Amino acid sequence: MDKNDSRLNSINAACDTLRELLPAYSIGATDEAETRLVESLLAECPEVAIELQDFMRLAGAIAYTAPPITPPAALHDKLMTAVAQRQTFTPSPTPVPTTPVRWLTPTLARFTLAAAALLLIVNVVLIARLFNLSDEQQQQETKIDQLSDQLTRQNQFFAALATGKANRINLESSTGEALASVIWTPASNSALLVSNNLPALASDRAYQLWFIRDNQPISGGVFRVDEEGQGTFIFEIPAPLNEYDALGISDEPMTGSEAPSTNPVALGGA
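Sequential numbering of the sequence shown, starting at -5, is according to the numbering used here.
Hints were generated in silico from the structure; no laboratory data involved.
Quick caveat, the model's predicted, so the values are computed rather than measured.
It is possible that some hints are incorrect.
What follows is a list of derived Cβ distance ranges for each label pair [unchecked claim]:
#	residue 1	residue 2	range
1	Pro193	Thr29	34 to 44 Å
2	Glu166	Ile212	14 to 24 Å
3	Ser197	Ala172	35 to 45 Å
4	Met248	Glu166	43 to 53 Å
5	Ala233	Ser4	37 to 47 Å
6	Gly215	Glu26	24 to 34 Å
7	Ala172	Glu237	50 to 60 Å
8	Asn209	Ala7	24 to 34 Å
9	Asp208	Asn164	16 to 26 Å
10	Asp208	Asn6	34 to 44 Å
Just so you know, even glycine gets a beta-carbon here, dropped at the ideal spot from N, CA and C.
Taking the hints into account, I'd like the entire structure generated from these sequences.
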């Protein structure tokens, strides 16, 4: 092996180490030595540095706060019961395929810490949302059920993410601009969409995610982004995403459509 091959192998090994540290580094969970190591390797591994931007964007998109208000007493009691029931969830172990598509291969202990920290942020945000429900009883109960289900899906997703490898699918515009990413793991029946730069829509419009197989689209749900095109969306997947030909996003009415009614805003191969 000549010197060039030896140096290339050394750089590849360093970049693999950097990639393993990214999830914990993005939320400040690395120790002082690991932090120095990450920051020293970023210039040597530009492709991995791009993945760090996705992690930082994900942590930032999730970590927003709702304005605090005092909830009605009846709502508070229902909330505490719902949260207590959901927090007893213990994910059952699921085999992880031996040939991952791509990219997260951190140590279990470090990634568990990172996923737990993100999960804590998500739980706090969801509880804050529950406290801002309408005073109308029926509407309160409906929204409590919806947000409690969302909380369960998020708990399951991050618990699964902490136990194995995750895969990423990039969704791009027709000109090749990266607009969103989907992160999923075979250990969970949910996946996470992170919007990077989707255009903001009118108030009566929403984005709709599609799973595409044999030219047949299946809806993955509707979501919206903020004025800067940022947003996150946890959705259920009917089958592992690598069983589909592609994923797509279209601009649809707020309630969604049975099939895409506009040209795709973004597409990505599954």
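These are the hints, each one checked on the structure:
For Pro193 paired with Thr29, a C-beta distance near 36 Å keeps the hint of 34 to 44 Å intact. Hint check: Glu166 to Ile212, Cβ distance near 20 Å, so the stated range 14 to 24 Å holds. The given range of 35 to 45 Å is broken by Ser197 and Ala172, whose C-beta atoms sit roughly 26 Å from each other. Separation of Met248 from Glu166 is about 25 Å and departs from the stated range, judged on CB atoms against 43 to 53 Å.
Range check, Ala233 to Ser4: Cβ separation about 40 Å, and the 37 to 47 Å hint holds. Taken as a hint, the range 24 to 34 Å is violated for the pair Gly215 and Glu26, whose Cβ atoms sit roughly 42 Å apart. Range check, Ala172 to Glu237: Cβ separation about 24 Å, and the 50 to 60 Å hint is violated. Taken as a hint, the range 24 to 34 Å is violated for the pair Asn209 and Ala7, whose Cβ atoms sit roughly 43 Å apart.
Judged by the Cβ atoms, the range 16 to 26 Å given for Asp208 and Asn164 holds: they are separated by roughly 22 Å. The hinted range of 34 to 44 Å is satisfied by Asp208 and Asn6, whose Cβ atoms lie roughly 38 Å apart.
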